[in-house]
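S.K.: Taken in sequence, the protein lines are chains A and B. The opening residue of the first sequence carries number 1 in the numbering used here; numbering runs sequentially from there. The opening residue of the second sequence carries number 1 in the numbering used here; numbering runs sequentially from there.
Treat the hints as calculated values from the structure; they're not laboratory data. Hints are supplied without guarantee of correctness; some may be wrong.
As the list claims (entries may be wrong) - Below are the DSS-like pairs computed for lysine-lysine, each with C-alpha atoms no more than 25 Å apart in a straight line:
no., chain 1, residue 1, chain 2, residue 2
1, A, K73, A, K161
2, B, K46, A, K130
3, B, K46, B, K30
4, A, K9, B, K247
5, A, K17, B, K148
What the hints assert, rightly or not - Derived CB-CB ranges, DEER-like:
no., chain 1, residue 1, chain 2, residue 2, range
6, B, K410, A, P19, 54 to 60 Å
7, A, Q95, B, R404, 23 to 29 Å
8, A, P20, B, G143, 21 to 27 Å
9, A, P19, B, E293, 43 to 49 Å
10, B, K410, A, N164, 21 to 27 Å
11, B, R404, A, P19, 31 to 37 Å
12, A, A139, B, K410, 48 to 54 Å
13, A, E155, B, R274, 30 to 36 Å
14, B, G151, A, V57, 33 to 39 Å
15, B, D232, A, K43, 54 to 60 Å
16, B, G24, A, A16, 31 to 37 Å
17, B, S96, A, K152, 19 to 25 Å
18, A, P19, B, K35, 27 to 33 Å
19, A, P19, B, R274, 52 to 58 Å
Treat the numbers as computed from the prediction; the structure is a model and nothing was measured. Just so it is clear, CB atoms sit at the ideal spot from N, CA and C, and this is done for glycine as well.
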Amino acid sequence: MSLAKKYPKEVKQILAKYPPEHKRSAVMPLLYLAQREGGYITKEAMQDIADTLEISVTDVGAVVGFYTLYHDKKEGKYRMQVCTDLPCALRGADQFMETLCANLGIKVGETTPDGLITLEAVTCLAACDKAPMFQIQSAEGIEYHEDMTVDKTMELIETLKKANVEVK
Amino acid sequence: MSYVLLRHRDIPDINTLNVYKKNGGFEAFKKVVTKMKPGEVTDTVKASGLRGRGGAGFPTGVKWSFIDNKIWPHYVVANADESEPGTFKDREIMESNPFQFLEGVAIASYAVGANAAYVYLRGEFWQVAKFLDEKIAEMEEAGYLGEKLFGTDYSLHIYTHLGAGAYICGEETAMLESIEGKRGMPRIRPPFPAVYGLYGKPTVVNNVETLTNLPMILANGADWYKNMGTPDSAGVKVFSLSGRIRKPGNYELPFGTTFRQLIYEHGGGVLDGRPVKAIMPAGASSSFIVADEKVLDMQMDYATVRTLGADLGSASVIVIDDTVSIDWIINKTIHFFKHESCGKCTPCREGTYWMMHLIEDIRDDKHSTANVDLLLNVARQMQNKCLCPLGEFSTMAVVTGIERFPQDFKESNKQVLTEPA
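Go ahead and model the full structure; you've got the sequences and the hints to work with.
M.R.: In structure tokens form, the structure reads like this:
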């Protein structure tokens, strides 16, 4: 189903932000909308956005490929994006990440066998005073988790696991 | 002294419309729209000495005066991309004092004759954007945004636009490309955005902190602002303090505050009581300042920091103690810039790639003189050749790190980062 049919109100609101002769500007917000389905963007969704904005699907694909928060592959339901950049690393983010990998039994970039968590190392998230920290990107959006410990993180993962068993 | 920007620390609930209004909110905007000509607003901001807080430190009023009045419409873009490693001030301002920031956007828009303004937030600020959307809606409801404001002919709409994870979009022309729905790659300048900006129209791009100063400057006058800080660097600055420090965080202080005051009085000193080895005053883009007792007593303002062979930039002060080796630091900064290079210009795309491989070799216990010399050589070759500042920034820590801390690049260096206690 096209985005305009599925989210008529949102699509209209997004298009209203930009001058009608520059509707290509809506490509980024529309991609976020498309990503609500399963946390990644399908070829069909890219074509649909291209048609809506009257640009080529290559133009849409180029945007998906350029920005790190758009994904064109299905991965874990929750992308746990740990900042391991300089200021966080000066406060133990590398060790935090290492322990997290060991606890989850996966390497950076991998997904847990239950398909719930993909662990990623990312660059600065503007929370340098609250390291170690990470954000969780999912179909619902992005959520910050700051001043974290490995124990607190494992508890959070348990909560996510339970919530998902109940949904299933 | 009471806060100018982080006023939420003085006034609880200032992020609600009523409390903001009770504390003088929107009076400056109303005054400029109903009683001042756009040029008078620009003159006041020029006289205040306000300089851009995003890192370049360019005088704000002067930037506005470059706007081309022969071409219309005009746009204002608020740079809320905040992606420099070590910078986390704009996020606090938007989350906690959102109306003062939005009023600043409105004042800038009136000054340059823009009827539409975009707030460009980095994609990770997804929740902040949602929050600002609510605040913008409240302002529309209350008549501070929309058509024919305060009974005049002036109309203004503010929109948020979310990026999606790209440091380069903090560069103003890359940001404009991104709003236009393209990959965030910088444009060749000139023409500058003041002439050819968003959709090819005259555009002013200002940082969040810069804009948040405006309501207070217009309410209290240029002299009030100019009397704070130093002659070269007027006013107050939010210093983002991070690294090996006891109390990391944002500290709003007048320009001219010393490194020692920031690190020891406000930041509580270095972790484990260690000595300060180096300071990066502008995040990952910094040159290293070699810290000693004399340097710690130097003032933090644009001119003084320059005498130390560095730039104050966005004042994201990263503190490095003597347990940290500089080759470890530049390994981090090079990986950052390699990841964030947009790939448009060759010196940056290839340079960051080769610097990454060289520093990995060096870190891989191959601190050979040849590798270190080659790394320095590659960095120097990149300088003054990149299309935008990103490429230049990627070389700052490399060049000054090797030049100012040569002992950390010797083969005998076996230092590894110890976990802070």
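S.K.: Hint by hint, note whether the structure agrees.
M.R.: Structure-based check of each hint:
Straight-line distance between C-alpha atoms of K73(A) and K161(A) comes to about 22 Å, which keeps the hinted pair within the 25 Å bound. For the proposed pair K46(B) and K130(A), the alpha carbon gap of about 36 Å is over 25 Å, so the pair is violated. As the CA atoms of K46(B) and K30(B) are separated by approximately 20 Å, the hinted pair is consistent with the 25 Å bound. The straight-line distance between the Cα atoms of K9(A) and K247(B) is roughly 45 Å, outside the 25 Å bound, and the hint therefore fails.
With a C-alpha separation of about 19 Å, the suggested pair K17(A) and K148(B) falls inside the 25 Å cut-off, and the hint holds. Separated by about 59 Å at the C-beta atoms, K410(B) and P19(A) satisfy the suggested range of 54 to 60 Å. Here the CB-CB span from Q95(A) to R404(B) is close to 28 Å, well matched to the stated 23 to 29 Å. One distance hint, 21 to 27 Å for the beta-carbon pair P20(A) and G143(B), holds here, with the actual separation near 26 Å.
One distance hint, 43 to 49 Å for the beta-carbon pair P19(A) and E293(B), is violated here, with the actual separation near 57 Å. A hinted range of 21 to 27 Å is violated for the C-beta pair K410(B) and N164(A), which are about 52 Å apart. In this structure, R404(B) and P19(A) break the distance hint of 31 to 37 Å, their C-beta atoms being roughly 50 Å apart. Distance hint check for A139(A) and K410(B): the Cβ-Cβ separation is about 50 Å, which falls inside the suggested range of 48 to 54 Å.
The supplied range of 30 to 36 Å is met by E155(A) and R274(B), whose beta-carbon atoms lie about 32 Å from each other. The hint said 33 to 39 Å for the Cβ distance between G151(B) and V57(A), and at roughly 48 Å that hint is violated. A hinted range of 54 to 60 Å holds for the C-beta pair D232(B) and K43(A), which are about 55 Å apart. Here the CB-CB span from G24(B) to A16(A) is close to 32 Å, well matched to the stated 31 to 37 Å.
Checked against the given bound of 19 to 25 Å, the beta carbons of S96(B) and K152(A), roughly 24 Å apart, stay inside it. In this structure the hint that P19(A) and K35(B) lie 27 to 33 Å apart at CB holds, the actual value being about 30 Å. Hint check: P19(A) to R274(B), Cβ distance near 55 Å, so the stated range 52 to 58 Å holds.
The structure fails hints 2, 4, 9, 10, 11 and 14 (numbered hints given earlier, in ascending order).
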